[in-house]
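Chains as they are written, first to last, in the working numbering: chain H, 1 to 310; chain R, 1 to 236; chain G, 1 to 262; chain C, 1 to 281.
What the hints contain is simulated information worked out from the structure, not anything from laboratory work.
Just so we're clear, the structure is a prediction, and the values are computed from it rather than from any experiment.
Fair warning: there could be bad hints in the mix.
[As the list claims (entries may be wrong)] Interface residues of chain R toward chain C, partial, derived using beta-carbon atoms under 10 Å:
no., residue
1, Arg50
2, Val53
3, Val76
4, Thr85
5, Leu131
6, Thr138
7, Gly139
8, Ala146
9, Pro156
10, Met212
11, Leu217
12, Gln223
[Said to hold, decoys possible] In silico DSS-like cross-links for lysine-lysine, where the CA-CA straight-line distance does not exceed 30 Å:
no., chain 1, residue 1, chain 2, residue 2
13, R, Lys89, C, Lys151
14, C, Lys160, C, Lys82
15, H, Lys70, R, Lys89
16, R, Lys89, C, Lys160
17, C, Lys28, C, Lys85
18, C, Lys53, C, Lys160
19, C, Lys85, H, Lys93
20, H, Lys93, G, Lys253
21, H, Lys140, R, Lys111
22, R, Lys89, C, Lys28
23, C, Lys85, C, Lys145
24, C, Lys53, H, Lys93
25, C, Lys82, C, Lys151
26, C, Lys85, C, Lys151
27, C, Lys53, C, Lys82
28, R, Lys111, G, Lys119
29, C, Lys160, C, Lys28
30, C, Lys28, C, Lys82
31, H, Lys176, C, Lys151
32, C, Lys145, H, Lys40
33, C, Lys145, C, Lys82
34, C, Lys28, C, Lys145
35, H, Lys93, C, Lys145
36, H, Lys40, C, Lys151
Where is the CB? At the ideal position from N, CA and C, for every residue including glycine.
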Amino acid sequence: MMRTRQWAIVLGIYIVAGLVGAVALWWLTHALTPIFRPLKGANLWAAVGGSVAFWIGLMALLHRMPASVKKRVAVVVTFVSGLFYVLEFYLPKKSGIFFWRTHHTNPFSPMLDTVGVATLVITGFTLLLATFNLCLVHGKNIAARRTGYYNSVAFYLAFFAMATFGLWQNHAPTSKLFASKVTVAQVYGYLFNSTYVPLGSTLFSVLAFYMATAAFRAFRVRTAEAGFMMVAAFICMMGQVPLGMWLTHTLPLHGPLSHLRMESMANWVLGVFSMAGLRAVTFGIFVGALAMSLRIWLNLERGAFFEQEL
Amino acid sequence: MRSVAPRLVIWLGAFALAAYLGIRFHVFAPTLGIWLAAIATLAIYSILYRENVVFRLFEHIFIGLAAGYSLYTVVVQVLIPKWFTPLFKEGCWYWIFAFLVGTMFYSVYSKRWSWMNRVAVGFFMGLSAGLGIVGFVTGLAPQLMASFKPLWAQRPPYVEFNNVVFFITLVTVMSYFFFSFEQRHPAVRGSARLGRWLLMIAFGAIFGNTVMARMSLLIDRLQFLLLQWLQVFGKG
Amino acid sequence: MTLEHANLLHVGFVAVISAIILYTILSARAGRKLFIRRIPGLSAIDEAVGRATEMGRPMLFSTGLSTIDIDSLQALAIAQYVARLAARYGNRLIVPVVDPVVFAIAEQLVREAYASEGKPEAFRADDVRFLSDQQFAYAAGVMGLINRERVASTFFFGYFYAESLLLSETGQEVGAIQIAGTPATTQVPFFLASCDYTIIGDEFYAASAYLTREPTLLGSLVGQDVGKGLLLLMVVLGTVTAVPGMPLHFISKWLARWLFGG
Amino acid sequence: MKLDWQFWSRRLIWLALAIATAVFLLVKVHARMYVSRPALDLYRAVEAVPPDKIIVISCNWEMGTYGENGPQTEALIRQCLKLGKRFAIFGWTWPPGPMLGQQIAERLQRPYHRRYGRDWVNWGFNTGGSPMIRGWAKNIPGTIKEDIFHKPIMSYPVMKGVNTARDVGLIIDITPSNTLITWIEFVYGIYRTPIGYACTGVMAPEAFPYYDAHQIVGVLKGLAGAAEYEQLLGYRGDALKRMPAQSSAHALIIALIVLGNVIYLRARRRGQAPGARLTTT
Numbered sequence: 001m002m003r004t005r006q007w008a009i010v011l012g013i014y015i016v017a018g019l020v021g022a023v024a025l026w027w028l029t030h031a032l033t034p035i036f037r038p039l040k041g042a043n044l045w046a047a048v049g050g051s052v053a054f055w056i057g058l059m060a061l062l063h064r065m066p067a068s069v070k071k072r073v074a075v076v077v078t079f080v081s082g083l084f085y086v087l088e089f090y091l092p093k094k095s096g097i098f099f100w101r102t103h104h105t106n107p108f109s110p111m112l113d114t115v116g117v118a119t120l121v122i123t124g125f126t127l128l129l130a131t132f133n134l135c136l137v138h139g140k141n142i143a144a145r146r147t148g149y150y151n152s153v154a155f156y157l158a159f160f161a162m163a164t165f166g167l168w169q170n171h172a173p174t175s176k177l178f179a180s181k182v183t184v185a186q187v188y189g190y191l192f193n194s195t196y197v198p199l200g201s202t203l204f205s206v207l208a209f210y211m212a213t214a215a216f217r218a219f220r221v222r223t224a225e226a227g228f229m230m231v232a233a234f235i236c237m238m239g240q241v242p243l244g245m246w247l248t249h250t251l252p253l254h255g256p257l258s259h260l261r262m263e264s265m266a267n268w269v270l271g272v273f274s275m276a277g278l279r280a281v282t283f284g285i286f287v288g289a290l291a292m293s294l295r296i297w298l299n300l301e302r303g304a305f306f307e308q309e310l
Numbered sequence: 001m002r003s004v005a006p007r008l009v010i011w012l013g014a015f016a017l018a019a020y021l022g023i024r025f026h027v028f029a030p031t032l033g034i035w036l037a038a039i040a041t042l043a044i045y046s047i048l049y050r051e052n053v054v055f056r057l058f059e060h061i062f063i064g065l066a067a068g069y070s071l072y073t074v075v076v077q078v079l080i081p082k083w084f085t086p087l088f089k090e091g092c093w094y095w096i097f098a099f100l101v102g103t104m105f106y107s108v109y110s111k112r113w114s115w116m117n118r119v120a121v122g123f124f125m126g127l128s129a130g131l132g133i134v135g136f137v138t139g140l141a142p143q144l145m146a147s148f149k150p151l152w153a154q155r156p157p158y159v160e161f162n163n164v165v166f167f168i169t170l171v172t173v174m175s176y177f178f179f180s181f182e183q184r185h186p187a188v189r190g191s192a193r194l195g196r197w198l199l200m201i202a203f204g205a206i207f208g209n210t211v212m213a214r215m216s217l218l219i220d221r222l223q224f225l226l227l228q229w230l231q232v233f234g235k236g
Numbered sequence: 001m002t003l004e005h006a007n008l009l010h011v012g013f014v015a016v017i018s019a020i021i022l023y024t025i026l027s028a029r030a031g032r033k034l035f036i037r038r039i040p041g042l043s044a045i046d047e048a049v050g051r052a053t054e055m056g057r058p059m060l061f062s063t064g065l066s067t068i069d070i071d072s073l074q075a076l077a078i079a080q081y082v083a084r085l086a087a088r089y090g091n092r093l094i095v096p097v098v099d100p101v102v103f104a105i106a107e108q109l110v111r112e113a114y115a116s117e118g119k120p121e122a123f124r125a126d127d128v129r130f131l132s133d134q135q136f137a138y139a140a141g142v143m144g145l146i147n148r149e150r151v152a153s154t155f156f157f158g159y160f161y162a163e164s165l166l167l168s169e170t171g172q173e174v175g176a177i178q179i180a181g182t183p184a185t186t187q188v189p190f191f192l193a194s195c196d197y198t199i200i201g202d203e204f205y206a207a208s209a210y211l212t213r214e215p216t217l218l219g220s221l222v223g224q225d226v227g228k229g230l231l232l233l234m235v236v237l238g239t240v241t242a243v244p245g246m247p248l249h250f251i252s253k254w255l256a257r258w259l260f261g262g
Numbered sequence: 001m002k003l004d005w006q007f008w009s010r011r012l013i014w015l016a017l018a019i020a021t022a023v024f025l026l027v028k029v030h031a032r033m034y035v036s037r038p039a040l041d042l043y044r045a046v047e048a049v050p051p052d053k054i055i056v057i058s059c060n061w062e063m064g065t066y067g068e069n070g071p072q073t074e075a076l077i078r079q080c081l082k083l084g085k086r087f088a089i090f091g092w093t094w095p096p097g098p099m100l101g102q103q104i105a106e107r108l109q110r111p112y113h114r115r116y117g118r119d120w121v122n123w124g125f126n127t128g129g130s131p132m133i134r135g136w137a138k139n140i141p142g143t144i145k146e147d148i149f150h151k152p153i154m155s156y157p158v159m160k161g162v163n164t165a166r167d168v169g170l171i172i173d174i175t176p177s178n179t180l181i182t183w184i185e186f187v188y189g190i191y192r193t194p195i196g197y198a199c200t201g202v203m204a205p206e207a208f209p210y211y212d213a214h215q216i217v218g219v220l221k222g223l224a225g226a227a228e229y230e231q232l233l234g235y236r237g238d239a240l241k242r243m244p245a246q247s248s249a250h251a252l253i254i255a256l257i258v259l260g261n262v263i264y265l266r267a268r269r270r271g272q273a274p275g276a277r278l279t280t281t
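Modelling step: build the complete structure from the supplied sequences, incorporating the hints.
Shown next, in the form of structure tokens:
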């Protein structure tokens, strides 16, 4: 009895929160439109300054709040931001928040691209964080003269060279470097095409060598399962290359025997067994992703990250 | 003895190469790009002998270049056209909030202010959770629909056979991934075991294709070294 | 035909599955006992820890390459379990980490694990390490650790990319017992070939629920099972009625049309 | 000094691999591919794009997989240039992607007399992931705004009439990573814009469930896929030239697996190597 009441309360809270959130989002789109119009000159600076001041004030206020309030703020923010996509998609094309006013179009669809660009810009700012983080680590290495600190110096040189010449060539690609014949775009080309690109592809291609030794030492047919795996791998490896195709090239291209050609078998393994097996895994992952999304969205998730002190 | 010798060889080799390049720079200038690429490639491959100073140096250069490049791209292709221009040139003042939200992530370095990071991460987690609930329908529905394959009365007959194989694989593999009951009934246990075996075929296919992928990358680099660089090298 | 917005079948479908998942989560948290079947490989964790202790060599746990997300959080939950076992047996557990945020949480977790077993002094701060946030630099670091410390058991849990083979092949070389679990299907074959036990796909999420017995995860897992059951039912229904012209063919036809949207 | 066998056996295998591939790069062997159905489907899908729609070539790759995605991009761009299809280069996972695509397109366009802005355009790199793509599909000029040369994209004639994902005739995702799911969920799933997929070999098995469900129109599997495409285009490019080396590398890997297992089984028979070490399942 007690439990049923608890669930009813929790469910009720979410329904009420959902409705309130929906109305708030709808109100933002409609009622606040006049506020969000472009400004010019002093008005613009005033609005920007005001927003910054408002934000700092809000943050300072929140900072003084106890940890439980901060946690709740995080929960509400998560819920509202998730609500946007859910409502946008699951409400029909022609609908208002209120079901009896169906002459409205879906109020959230027009905001889709704005939200898209906003996430893009915000993640852009966080990418700077990762760079900052990296600089910090290498700066510490140099400051403390740890072993191999000269590598960190090389990191800084490469980092500044790439950033500087990237921005410079973007600004003025044909300008000459220190009165020489070399243009900025050329230097950038040396950095990007001749150093960055080959370093990246070579680092990845080293894996091919490890694959060879692993094939020799690690891939042992210890069980029937491993045997199945090896047969499928053999067919796929051979069915993709001319050598494998040549092995069975005497078989006809059409008719029942054509299915025994190496490339047909490889496609058969990929298109029937592999496809069905991976689809079954995908079904599980889709349901798992739905469950995970629900847990995060409704703040049901537990664990170190979600319970840490704020 | 053993740790000094290889290092000495590598340093001497690098020095000799640098000296050679310096002396004959007029010859190499037009092909400087290819030379740089070749040095970068060989420096990375030097790890195949063993972990060494040159490899580590070039690894750090790579990390630095990557960081510099992403900084440059984000500033030029995202922040300027999509944030700076609308905000300061077109006067859409509310874009300042994107910056303010972005700064919240930086509080991760301070224990006192780390709650701001938590709120900002919560914002993004909410967005991706919402998308996850949307993606459940848009991603799953077509796959579910395409799984309805007729099991009989099909022409040519091998289609029928393939459909039956497909159906058996799909159902048995799905049955393997049930966790909330003991798989005690022989039919269930047999189905789950068959599912695991059939799944191994899928993994074998992944293995074969991965071999293909890695070898392609290696061939790309070898082709560069053998056909582009050695040609230049021969002329020099 | 477009699917800009969900139709009634979609809404109903998602609502039913979501409701079931939420119901099982809430009832598990309210104290209902839920069952999870044994997952092969997980019982080997105890064995691997025991063997490492007998040999007097340390163990290594990698939480994968992801930053703070659902996969690394699950991996950390498993790491905590292994750390407790290690503390109980009085063995060392080395945890190399790829992400600064994950590092902070991992250190706290392992420290607490040793403390909760009453051996806070056995925890070495140096054993939880931030190696690098670059894929290959991290892989090279872990390979070095495996070789230098001659670890007796390795655990690879989390989301791995191309480095999976580099790590597990090095473990194979030093003769370690290796247990791996990853939701990254592209890397499963390499773990399968070079590890003693591999936990595949969905099992990874079940594993953390199985080990931690966290009610939310348990409940969610049971709810997901019901959801998967519904999907299986739809597949079977749609398939057996898929031949055009047969009685009941309308089931398959209608399901397909509704699923496709429009 | 005692020879460290474990150390040198690895290097020996690596040397064997390098030689096995290098020899077939230097010796010219004429390889012939049999074009598979998924590659043919992609080829036909590009041919079928009507002139009033644009093709999006999504370069979601970077240098790490140049060996596979480079030839694929080259083959696809070559086909677009040859047939005179309008196309746009785009990317949203790795910053260098669109730039690498730009270099390939600039290199190829001359013989076909195509020009930037009139026949093709480069939208550059965007961050923001799936939310960005969801917005992009609804409003392309609003999300992209500028091309890589910082001109408004709508100022180019090639962009005429391109506003939403409905005006896109085909999106070809060239990638080593799991970006396909975003295109499927938020572009195909919602607007039914056809999606083509050119992926690295690693990702190919995961693509087939989507191919079978018609969520993607065709698949190019790694370098072999690029070679098939070159065969279709009637052009011997890098991919076809590399196929003999690829064959010998695959053969070597198979030989190594067989050899390793023979040694293992013999050692086990003599009781030196443990079997499956732990027998519980």
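Structure-based check of all given hints:
1. Arg50: holds (8 Å)
2. Val53: violated (19 Å)
3. Val76: This interface hint holds because 8 Å falls under the 10 Å limit.
4. Thr85: holds (8 Å)
5. Leu131: holds (5 Å)
6. Thr138: At about 3 Å, which falls below the 10 Å cut-off, the nearest Cβ of chain C leaves the hint on threonine 138 of chain R intact, so it holds.
7. Gly139: Nearest chain C Cβ about 4 Å off; hint holds.
8. Ala146: Interface hint status for alanine 146 of chain R: holds (3 Å vs cutoff 10 Å).
9. Pro156: violated (15 Å)
10. Met212: Holds - the Cβ of methionine 212 of chain R comes within 10 Å of chain C, reaching about 4 Å at its closest.
11. Leu217: Hint holds; leucine 217 of chain R Cβ to chain C Cβ min 4 Å, cut 10 Å.
12. Gln223: The hint holds - glutamine 223 of chain R has a Cβ within 10 Å of chain C, the shortest such distance being about 5 Å.
13. R:Lys89 x C:Lys151: Status holds; Cα separation ~15 Å.
14. C:Lys160 x C:Lys82: holds (21 Å)
15. H:Lys70 x R:Lys89: Not satisfied, since the Cα-Cα distance of roughly 36 Å exceeds 30 Å.
16. R:Lys89 x C:Lys160: At roughly 26 Å apart (the allowed maximum being 30 Å), lysine 160 of chain C and lysine 89 of chain R satisfy the hint.
17. C:Lys28 x C:Lys85: violated (34 Å)
18. C:Lys53 x C:Lys160: Holds - the C-alpha atoms of lysine 160 of chain C and lysine 53 of chain C are around 9 Å apart, at most 30 Å.
19. C:Lys85 x H:Lys93: violated (33 Å)
20. H:Lys93 x G:Lys253: holds (25 Å)
21. H:Lys140 x R:Lys111: holds (20 Å)
22. R:Lys89 x C:Lys28: Distance ~59 Å between lysine 89 of chain R and lysine 28 of chain C Cα, so the pair is violated.
23. C:Lys85 x C:Lys145: holds (22 Å)
24. C:Lys53 x H:Lys93: This hinted pair holds, its Cα atoms lying about 25 Å apart.
25. C:Lys82 x C:Lys151: holds (26 Å)
26. C:Lys85 x C:Lys151: Cα-Cα ~22 Å, so holds.
27. C:Lys53 x C:Lys82: holds (16 Å)
28. R:Lys111 x G:Lys119: holds (27 Å)
29. C:Lys160 x C:Lys28: violated (46 Å)
30. C:Lys28 x C:Lys82: holds (27 Å)
31. H:Lys176 x C:Lys151: The hint holds at about 24 Å.
32. C:Lys145 x H:Lys40: holds (21 Å)
33. C:Lys145 x C:Lys82: holds (28 Å)
34. C:Lys28 x C:Lys145: The hint is violated at about 47 Å.
35. H:Lys93 x C:Lys145: Holds: lysine 93 of chain H and lysine 145 of chain C sit about 27 Å apart, inside 30 Å.
36. H:Lys40 x C:Lys151: OK: lysine 40 of chain H and lysine 151 of chain C at ~23 Å, within 30 Å.
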